[in-house]
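Residues per chain, in single letters:
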Amino acid sequence: MIEVREVYFTYSTGVEALKGVSLYIRNGEFVAIMGQNGAGKTTLVKQFNGLLKPIKGKVLVDGVNTRDISVAQLARKVGFVFQNPDHQLFSETVEEEIAFALRNFGFKENTLKRRVTWALNLLGLTEYRKTSPFMLSGGERKRVALASVLAWNPKVVILDEPTIGQDHRQKEILRQFIVQLNAQGKTVVIVTHDVEFVAECSPRVVLMMQGQIVADGDAKKILTDPNIALRASIVPPQVTQIFLRLVDLGLPTDVIDVSEATKILLEYLEGGKR
Amino acid sequence: MAIIETKNLSYTYPGATKPSIRDVSLTIEKGEFVILTGPSGCGKTTLCRCFNGLIPHFYAGQLEGDLTVAGLKVTEHPIYEMAQRVGLVFQNPENQLFALSVEKDVAFGLENLGVLRDEMRKRVDWALQMTGIEELRERAPHELSGGQQQRVAIACVLAMQPDIMVFDEPTSFLDPLGAQKIFEVINDLNKKLGVTVILVEHRLDLASKYADHVVIMDEGKIALNGKPREIFNSETARLIGVGIPKATRLWQLLQENGIKLEGVPTSSEEAAQLLRGALKA
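First to last, the protein sequences are chains A and B.
For my numbering, count along the first sequence from 1 and bump the result up by 2.
For my numbering, count along the second sequence from 1 and bump the result up by 7.
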């Protein structure tokens, strides 16, 4: 679905944000891009919808080079939800906010209405239909931003730091939501620092450091390797930390999930496993 | 000795139809490290705004009940007076920093208070040292990384030598290692200088090991108030949807399965220690 080939990118300030990145994301995959502040995560995902274009190398979306297509055309396929919803929202009501992009894409008025209602429902925003986005809480504004992108049904959804400022319950809703999108065959890419969230979702993890990809694999493999984690400023999930401290007792170290941890410990403590 | 005391405190923002905090009675002792948490919109930030007088002096609205901070009745003392007792560090340091050098930013609050030049130099040096950013003194804050910026923001507030420091989700824009370093700086201020710390935080896995007092709010009220172990292990915390530390959750799941371990762990160190004992037995 997304193919990044040997991409280099330098900002006008001279900062080299990407130094030869190659990445292949298949249709329907769920990928978390992680790494320390300034590692190039956001710069990389902005290449996916053409907001930024490589200075060397190329990015193909659905087989089309991002240089040969406008951001507007790309946006139809690749929806991008920004880290800060205030960088995205501007309309007077939530309803207009969601309708805006649909109108730009030229959807018929009937379809447009149906889709707005659908997106409001999906994200539990129906009661705010006529409210100004700026009257809502931070978490609710984030949901409006998400609704406005999902409304046009893009094949790929990119979420930049979706869990910032969200409480535990909202994170759980977000997690179920991503799983659901993924089950519908959508490709989901999140950029995040939130190791506990990644541990609960268990996506493919792409770890970046200083403009390069330093590790790529399933969450369990990446998050439980203390050497990889330390190099990229990731602190392993708390469950992993507990198991890493007990390594001398013969316990496995590749555990990220609390239910799995319980199961393993019960086997050891009750003596079922010998 | 209580440094913050509220009795039946309720507050309604101007134009709002219902109060944002209701009937809050809370005592915070001098030198405590308090974590204040609860679902989005539960009134955490509103309560913090009361502590330094932004409510009611800046936000107006309707405040009822008693509120004493550092021995002062907040309603009777203006913000600039309260600000010398209670320092507030925001979530995003970009909203707070503006000067062309770190040193100037840290000195700004002191200039406003009319602190004398020699004393100002001393305090700036001290605040930079305490937050571990002496080498950044001449740098422009907007060129620094997020973690460095947050340390500058902390130094700015610290230089005013407040009795109480309130941190409103200070690490949410930082990577985990950067976040851990900030928590360690905050912990040092608390343990070495005796500053009373109030930390508003959702990510309890990272922060709870430093706390000796946890307050959970829900729908404007105090839902739970006490020692971290008791709070994280209470059924109410789970029902409200607070993300209790995974170390505590693991302990609970083992208990539900009939494995009893003494004490309630709130960090990976404690959980590992308890499990080590049980596994060796």
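Hints were generated in silico from the structure; no laboratory data involved.
No residue lacks a Cβ here, since even glycine has one placed at the ideal position from N, Cα and C.
Honestly, I wouldn't trust all of these hints.
Said to hold, decoys possible - Okay, derived cross-link-like pairs now, DSBU-like style, lysine-lysine, Cα gap no bigger than 30 Å in a straight line: (1) B/Lys-234 with A/Lys-265; (2) A/Lys-157 with A/Lys-115; (3) A/Lys-60 with A/Lys-132; (4) A/Lys-79 with A/Lys-58; (5) B/Lys-216 with A/Lys-222; (6) B/Lys-188 with B/Lys-80; (7) A/Lys-79 with A/Lys-132; (8) B/Lys-14 with B/Lys-80; (9) B/Lys-37 with B/Lys-80; (10) B/Lys-198 with B/Lys-14; (11) B/Lys-188 with B/Lys-129; (12) B/Lys-267 with A/Lys-222; (13) B/Lys-37 with A/Lys-223; (14) B/Lys-199 with A/Lys-265; (15) A/Lys-79 with A/Lys-60; (16) B/Lys-287 with A/Lys-223; (17) A/Lys-55 with A/Lys-79; (18) B/Lys-228 with A/Lys-132; (19) B/Lys-188 with A/Lys-223; (20) B/Lys-267 with B/Lys-287; (21) B/Lys-234 with B/Lys-80; (22) A/Lys-222 with B/Lys-37; (23) A/Lys-21 with B/Lys-267; (24) A/Lys-110 with A/Lys-60; (25) B/Lys-199 with B/Lys-216; (26) B/Lys-234 with A/Lys-132; (27) A/Lys-265 with B/Lys-216; (28) A/Lys-265 with B/Lys-80; (29) B/Lys-111 with B/Lys-25; (30) A/Lys-222 with B/Lys-199; (31) B/Lys-37 with B/Lys-198; (32) B/Lys-25 with B/Lys-228; (33) A/Lys-265 with A/Lys-223; (34) A/Lys-115 with A/Lys-79; (35) B/Lys-216 with B/Lys-14.
Said to hold, decoys possible - Here are the simulated distance ranges between beta carbons: (36) B/Met-8 with A/Leu-124: 47 to 53 Å; (37) A/Pro-228 with B/Lys-234: 29 to 35 Å; (38) A/Ser-72 with B/Lys-234: 55 to 61 Å; (39) B/Arg-236 with A/Thr-128: 29 to 35 Å; (40) B/Gly-233 with A/Gly-140: 42 to 48 Å.
For each hint, the structure was consulted:
Between B/Lys-234 and A/Lys-265 the alpha-carbon distance is near 29 Å, which keeps this suggested pair within the 30 Å criterion. Our distance criterion of 30 Å between C-alpha atoms is met by A/Lys-157 and A/Lys-115, whose separation comes to about 21 Å. With a C-alpha separation of about 43 Å, the suggested pair A/Lys-60 and A/Lys-132 falls outside the 30 Å cut-off, and the hint is violated. With a C-alpha separation of about 23 Å, the suggested pair A/Lys-79 and A/Lys-58 falls inside the 30 Å cut-off, and the hint holds.
Taken as a hint, the B/Lys-216 and A/Lys-222 pair is honoured in the structure, with Cα atoms around 25 Å apart against an allowance of 30 Å. A distance of roughly 35 Å separates the Cα atoms of B/Lys-188 and B/Lys-80; the hinted pair therefore is violated under the 30 Å criterion. Only pairs whose Cα atoms come within 30 Å are accepted, and A/Lys-79 paired with A/Lys-132 is accepted, the gap being roughly 28 Å. Between B/Lys-14 and B/Lys-80, the direct Cα distance comes to roughly 12 Å. Compliance with the 30 Å bound is thereby established for this hinted pair.
Distance restraint check for B/Lys-37 and B/Lys-80: the Cα-Cα separation of roughly 16 Å lies within the 30 Å cut-off, and the hinted pair is therefore satisfied. At roughly 28 Å between alpha-carbon atoms, B/Lys-198 and B/Lys-14 fall within 30 Å of each other, so this suggested pair holds. For the hint linking B/Lys-188 to B/Lys-129, the alpha-carbon distance of about 24 Å falls within 30 Å, and the restraint holds. Annotation: proposed proximity of B/Lys-267 to A/Lys-222 holds, straight-line Cα distance about 28 Å (limit 30 Å).
For the hint linking B/Lys-37 to A/Lys-223, the alpha-carbon distance of about 45 Å lies beyond 30 Å, and the restraint is violated. Of the supplied pair hints, the one linking B/Lys-199 and A/Lys-265 is violated, its CA atoms being roughly 41 Å apart against a limit of 30 Å. Taken as a hint, the A/Lys-79 and A/Lys-60 pair is honoured in the structure, with Cα atoms around 18 Å apart against an allowance of 30 Å. Of the supplied pair hints, the one linking B/Lys-287 and A/Lys-223 holds, its CA atoms being roughly 28 Å apart against a limit of 30 Å.
A distance of roughly 17 Å separates the Cα atoms of A/Lys-55 and A/Lys-79; the hinted pair therefore holds under the 30 Å criterion. Between B/Lys-228 and A/Lys-132 the alpha-carbon distance is near 29 Å, which keeps this suggested pair within the 30 Å criterion. Between B/Lys-188 and A/Lys-223 the alpha-carbon distance is near 25 Å, which keeps this suggested pair within the 30 Å criterion. For the given pair, B/Lys-267 sits about 15 Å from B/Lys-287 by alpha-carbon distance, which is consistent with the 30 Å threshold.
With a C-alpha separation of about 27 Å, the suggested pairing of B/Lys-234 with B/Lys-80 holds against the 30 Å cut-off. Note on A/Lys-222 and B/Lys-37: the hinted pairing is violated, with a Cα-Cα distance of about 43 Å set against a maximum of 30 Å. Pair hint A/Lys-21 plus B/Lys-267 does not hold up; C-alpha atoms about 52 Å apart against a cutoff of 30 Å. With a CA separation close to 35 Å, the supplied pair A/Lys-110 and A/Lys-60 exceeds the 30 Å bound.
Distance check on the hinted pair: B/Lys-199 and B/Lys-216 sit about 17 Å apart at the alpha-carbon level, within 30 Å; holds. For the proposed pair B/Lys-234 and A/Lys-132, the alpha carbon gap of about 43 Å is over 30 Å, so the pair is violated. The straight-line distance between the Cα atoms of A/Lys-265 and B/Lys-216 is roughly 25 Å, inside the 30 Å bound, and the hint therefore holds. Proposed proximity of A/Lys-265 and B/Lys-80 is contradicted: the alpha carbons are some 54 Å apart, above 30 Å.
In summary, the hint linking B/Lys-111 to B/Lys-25 is not supported, as the alpha carbons are separated by about 42 Å, beyond the 30 Å threshold. Our distance criterion of 30 Å between C-alpha atoms is broken by A/Lys-222 and B/Lys-199, whose separation comes to about 38 Å. For the hint pairing B/Lys-37 with B/Lys-198, the CA-to-CA distance comes to about 12 Å; that is within 30 Å, so the pair holds. Between the alpha carbons of B/Lys-25 and B/Lys-228 the distance comes to roughly 13 Å, so the proposed pair stays at or under 30 Å and holds.
This hinted pair checks out: A/Lys-265 and A/Lys-223 have alpha carbons roughly 19 Å apart, not beyond 30 Å. Restraint check for A/Lys-115 and A/Lys-79: the C-alpha separation of about 20 Å stays at or below 30 Å, so the hint holds. Restraint check: the Cα-Cα separation between B/Lys-216 and B/Lys-14 comes to about 28 Å, which is no more than 30 Å; the hinted pair holds. For the pair B/Met-8 and A/Leu-124, the supplied restraint of 47 to 53 Å holds, since their beta-carbon distance comes to about 52 Å.
In this structure the hint that A/Pro-228 and B/Lys-234 lie 29 to 35 Å apart at CB holds, the actual value being about 31 Å. With their beta carbons about 59 Å apart, A/Ser-72 and B/Lys-234 fall inside the hinted range of 55 to 61 Å. At about 41 Å, the beta-carbon gap between B/Arg-236 and A/Thr-128 misses the expected band of 29 to 35 Å. Under the hint 42 to 48 Å, the C-beta atoms of B/Gly-233 and A/Gly-140, about 28 Å apart, miss the expected range.
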